[in-house]
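Engineer: Just need the whole structure built from these sequences, with the hints factored in.
Residue numbers (our numbering), protein chains in the order written: chain A, -1 to 348; chain B, 226 to 669; chain C, 84 to 550.
You may find that some hints are simply not true.
Claimed, not checked - To spell it out: a stretch of chain B is covered by chain A in this simulated footprint if at least three of its residues, at any positions, have a beta carbon under 8 Å from a beta carbon of chain A; those stretches are:
| hint | region |
| --- | --- |
| 1 | 300 to 310 |
| 2 | 313 to 321 |
| 3 | 326 to 333 |
Said to hold, decoys possible - Straight-line alpha carbon distances no greater than 25 Å define the calculated DMTMM-like cross-link-like pairs of lysine to aspartate or glutamate that follow:
| hint | chain 1 | residue 1 | chain 2 | residue 2 |
| --- | --- | --- | --- | --- |
| 4 | A | K294 | B | D341 |
| 5 | A | K69 | C | D271 |
| 6 | B | K340 | A | D248 |
| 7 | B | K382 | A | D239 |
| 8 | B | K279 | A | E62 |
| 9 | C | K226 | C | E291 |
| 10 | A | K69 | C | D478 |
| 11 | B | K241 | A | E62 |
| 12 | A | K183 | C | E436 |
| 13 | C | K481 | A | E62 |
| 14 | A | K102 | A | D248 |
| 15 | A | K294 | B | E350 |
| 16 | A | K183 | C | E310 |
| 17 | B | K382 | A | E62 |
| 18 | A | K69 | C | D453 |
| 19 | A | K183 | C | E304 |
| 20 | B | K279 | A | D239 |
| 21 | B | K302 | A | D248 |
| 22 | A | K102 | B | D359 |
I should point out that these hints are in silico values taken from the structure, not numbers from a laboratory. Built from N, CA and C at the ideal position, the CB exists for glycine as well.
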Amino acid sequence: MKSLQKSAASIKEKHSIQKAYLFLILIGLPLGLLILSLTLGRYQIGPIDVLKVILSPIFPSIAEGIPDIAKQLIFHIRLPRILAALLIGASYGATGTAFQAIFKNPLVDSNILGVTSGAGFGAALALLFLGDPWLVQVSAFVFGLVAVFLSFFGSRLYRTSPLLILTLMGILVGSFFGSLTSLLKYAADPLDSLPAITFWLLGSLTGITWQNLMPLIILTIFGLIYLWTIRWRLNILSLGDAEASALGVDPTRMKLGIILFSTLMTAVAVSVSGVIGWVGLVIPHAGRLIVGPEHKRLLPVSISFGAAFLMIIDDLARTLLPGEIPLGVLTGLIGVPILVLLMRRSRTGW
Amino acid sequence: MLLEASNISYAYLPGKTVLHDVSLQLNAGETLYILGKNGCGKTTLLSCLAGLLKPNTGRVYLDGTRIEDFSAAERAKRIGLIPQMHTPAFAYTVRQMVMMGRAPHLPWLGSPTEKDHLIVEEALEQVGLIDLQDRPYTEVSGGEQQLVLIARGLAQKCPILLMDEPTAHLDLSNQHRVMEIVHQLGQQGLSFTISSHEPNDALAYADNVLLLSGGWVTEVGEPQEVLTEPLMSAVYGIQTEVIYQNENGVKKARAVLPRQPLAVKPDSLHEEDSFLNMVFQNRKEKPQIILVTGLSGSGKTSWCKQMIKEAAASGYSVEGILSPGIFESGRKTGIEVVDLVSGERKRLARLREEGQGEISTPRWVFDPDVLVWGNQRLQNSAESDLLIIDELGPLEFLRNKGLLAGLERLDQGQFEVACVVVRSSLLPKALQRWPNAVVVRGQI
Amino acid sequence: MNKFKYSIILLVIISSLVITACATGDLETPNMEITVSDYEAPSELETKEPIGDQSRFLIKADPELMEPVTVLYEAFFNGKSPIFVQSDPDLLVEPPGEYENFYDELPAVFLTDGAMYPKNVSEELEAFIQFAVSTDGQQTLIKAGLLPESIELTDQAGNTVSLNLPIRDVLSAYGPVTAMIYSVDAEDRLVSASYLGARDPLGSSVMEKMDSRFPGIQGDESFSQSEFNIEEAAMLEPDLIIGNARSGWLDTVAALDIPVFLFDAETPKALKEAVLLTGQIFGPHSTAQAEAWVRYYESIVGTIEEKMAEIPIEDRVKVLFTGTEPLRVASGDMFQSYIIESAGGISASSELEGYWNNINLEQVVIWNPDVIIVPPYGGASVEAITESQEWQILDAVKDGKVYRMPKLVAPWDTPAPDAVLGIIWMAQQLYPERIDLDCSTEAEFFYNTFFDYEIMDEELAKICSIN
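Structural biologist: What follows is the structure, encoded as structure tokens:
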């Protein structure tokens, strides 16, 4: 028993050092990128000036002599947009990790239940008939939830192998809404609403304002807190319903909670940014390569990496060319090679 | 009494009951084995006992309280389920797998603490896996995986562990390693309920054994009383043989083995003290059914023909019927019935593709009139030394049609020596009906 | 035996499929017959009853033009001969003169070198002039060998198209060219057309007043840049199909064996060429109308250019042309950029390529335009920009210089004849002190001259109000 305590103590010591490093990286990475991203943009503002502007709400005198337009740009254009990238990346990283756990499948993300297709349809519908950006966001959010609702309760009609049926229903509902979106695109005017729908479906953070950022901030933070608190139990859910139940965890109720929170997070993210794929799929893999599959450690890593990844992608999207590059295109172009590399590296299992 | 099930039944779908009226009891420190064929309801029973499935009727009591009155976490603190080995989707380390056993002891939103780490290490130490704790679970051997799951059950700190086929897919040494650890944990006061396909393990480690057959309890009791040849034969549907050992003057069962069909040649009838010779010698006092078995085309009818010849040669009277195949250009196109007394032949069946009829199998269509005739032959024939019935098949055993007179005569004991042709797949049915029958291979 | 059976079954299946296809398609045989007879009727020339000597008008004609006038006169008045005089005529026929002032009324040009100038207007005379420039008049002159039976034109896709004249029935699947057809006074030849800007309330109400056949011949559902209903086209049996050179359906139309004339007018030069080609398709009268439009366009652009010559490039107004959403802007390749340049402005987004580009606000801040223009379609609105908190950092928004491009039917920023008004309007917005062109005056003249439409004061007020 003594030797046990000793070994536990040494492990504890080793862990706490590792933990401290990891913690620093996980907090420092997105925070550093946030500040770095604020200095990037088509409009040239020096890094020192950016820092001064950031600090100006606390020390008003520091930013004297910097043109108003720079302050405006930083607070009203760059900051909301970068925050959106951070939150959406974190959200996709976390929900992707959670979904991979509850589906016992490392190749799914929170889109598996059709939330993106539903939101895409909602957005296309609003772009075609309403046009107001705020209504587009609301409609995307609502239809994202509708799609998941249909998948989830559609799968309840069957008694056998609910996980497989749930996946299948998700794919079916996703295809169904995909077809509806195609129908709308077919009906849309090729001169105005069609390009708008197409660009929305490719994903972009270009139109972010503080106003449409608010629901994203609120829902994402609530969702992240929920997933953070239950993260250790994701391990148990990933063993399957029967085992989880035998280990004293109610899998049905817990999965319902995870699906509910993840769907709210994903739907609000999609409604703000359009369709940005691959983040929820790639990030958990990258995390597993570094800290292993154990979700207590994996979830924080996924949140941090997701936030960092999307901030980098968005920096590229808004600075490379005068025109915007769709985010969904960049995440695919960068995310897929990364995923392939990771799959090579982690041949031994997830 | 820690765990008690009283008269539980369970059906996954209405009308398809897989557990019928099962009752059992488990006391502290006891190991209960559940034996039975594949699909007899063992895993379902364990799931009911673990509270994962709610029986349609009957109750499961844990510490005297109905199991469904516990919350999932409270239940998991009292009873643990060690599932059949499987590969999880993610390569958790051994330590992380074991840590999951702490789930019921943690608050709803909590994560493991220092205390939990100590308990996990203790559990790993107990099963001897402390050195493998940081290896991925998916990369350790099958036996070690099973031990990890046991350690997880230990970390769960519950007095009862249910194990579903713990030694399945393990080699002999790993089976031994796992079962010895289970045994020692039992000595320390843990209670186990183990579903298994290893009657020999039950003889070695069980305090009690429950035999499950088709969802019904066949027998419960101490292994030495329950693991007997007739019961095991009935449960597994094969003839079994129990090997005994003399231990300090007490005859104790050590192993249960399947009994293989005898290889008997009809001409051994003439040999002194041979099996056939003995059977015919004792036929008056002890009538004997001989089940002639084998795959289709293995020569069962030929065996019977030779038996008839040999019996006749020794002066025994023979009656009954034979049903040889009708062959046209090398292909079996029909079945005949031959009355052994009169030598009369009638065509009993033709290929199904040539027509349809009321009484048919996927391959053959039977002539009802010939069946009536065959039954009359079997009913009316006089008593004789040897009764041949070739053959009793799916029509008779499964559909209650065909040569039912044959079944009746055998059931009523109206024979002295009976040679009955039964195909291998129907052997369990035949043995269930006539447990004292002897099985021989129908090969010459 | 089996083979025979199968071929019978196959035959039955195929024939039932053919029958179903025929029954569901628009290509029904009875309909076709009706269409043919409807179509043949107008080819019999409409002639007038002979008129009394008192009411006959006197004609003074150039010697070379006497023959064509006689041919037309005899055809119109059922064989009666015209009366030619040397002085005091009711109708003067001579080669069309040089134009000094655009605002003069255009003469009726019935031959390339022949125009009619009425001196004493009477009912008969007006009807005769109408006839002279109509399709029937054109056909009369062709029969007499005075106009060519066919011409060869090279369209804007570079194909040589041979046309049998006159073109009586034309199907336009390209909105801007439909507007051009109206502006060269050939709208009576349209059998079905795709319209530009005729779907909103203003556009459709004006179109209904401009053309009594309007909602009937609107074919946007069947024919547009992206769609082409081939069965419907076959039923209409046009003499000519007009399309956009970049439409996806061009290959399918070849099956109809009807001449196809393609337009591609995304620059001012191509626009002028397109209008002239449209005129040439429909004959001397339309050609004269087209030439008049080109002269008008060039004079407007010339006037502005002259005025702008004094202003150095760096002092010119920088204009950003946004799309259906504020953060989608016109590229340098688009017609909107040419309009800005023609009006003396600088296109802020001229470095972009292709079609509408999605950009971010930071890029707009870098361009820092003086004026922002939103288009009059696709739900774009000035308020989407002026009421947005984020856009307030831009000088143009702070100064209230966000305007909506006007339209009557065709939006003024599209490569349609109306684009000339877009240039005038924009020049007036950009340099109100310097440019003395007046949107209202020019719009009134433009629609009167090229669309034969008297624009109403409230319509003028709506489209030309200075923001």
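Engineer: Just to make sure I understand the rule, a stretch counts as covered if three or more of its residues have a C-beta closer than 8 Å to a C-beta of the chain. Does the region 313 to 321 of chain B meet that for chain A?
Structural biologist: Held - the region 313 to 321 of chain B has 7 residues with a Cβ nearer than 8 Å to chain A, which meets the minimum of three.
Engineer: Just to be careful, I want the Cα atoms of K340 of chain B and D248 of chain A compared with a cutoff of 25 Å; is the pair within it?
Structural biologist: holds, 24 Å
Engineer: Quickly compare the C-alpha distance for K102 of chain A and D248 of chain A to 25 Å and report which way the hint goes.
Structural biologist: Within the cut-off at roughly 16 Å; holds.
Engineer: Are K382 of chain B and D239 of chain A close enough, with their CA atoms no more than 25 Å apart?
Structural biologist: holds, 21 Å
Engineer: Below or equal to 25 Å on CA atoms is what counts here, so check K183 of chain A against E310 of chain C.
Structural biologist: Holds - the C-alpha atoms of E310 of chain C and K183 of chain A are around 14 Å apart, at most 25 Å.
Engineer: Given the hint that K69 of chain A pairs with D453 of chain C, does the C-alpha gap stay at or below 25 Å?
Structural biologist: holds, 21 Å
Engineer: Would the hint linking K226 of chain C and E291 of chain C be met if the CA-CA limit is 25 Å?
Structural biologist: violated, 35 Å
Engineer: Mind checking the alpha carbons of K102 of chain A and D359 of chain B for me, to see if they're no more than 25 Å apart?
Structural biologist: holds, 22 Å
Engineer: Are the Cα positions of K382 of chain B and E62 of chain A separated by 25 Å at most?
Structural biologist: violated, 66 Å
Engineer: Cut-off 8 Å, C-beta pairs, minimum 3 residues; does the coverage of the region 300 to 310 of chain B by chain A stand?
Structural biologist: Since three or more residues must qualify, the claim that chain A covers the region 300 to 310 of chain B holds, with 6 doing so at under 8 Å.
Engineer: Would you mind confirming whether the straight-line C-alpha gap from K302 of chain B to D248 of chain A stays at or under 25 Å?
Structural biologist: With Cα atoms ~14 Å apart, K302 of chain B and D248 of chain A stay inside 25 Å; holds.
Engineer: Has the given pair, K183 of chain A with E304 of chain C, been kept, meaning a C-alpha gap of at most 25 Å?
Structural biologist: The given pair, whose Cα atoms are some 16 Å apart, holds under the 25 Å limit.
The structure fails to meet hints 5, 8, 9, 11 and 17 from the earlier list, while all remaining hints are met.
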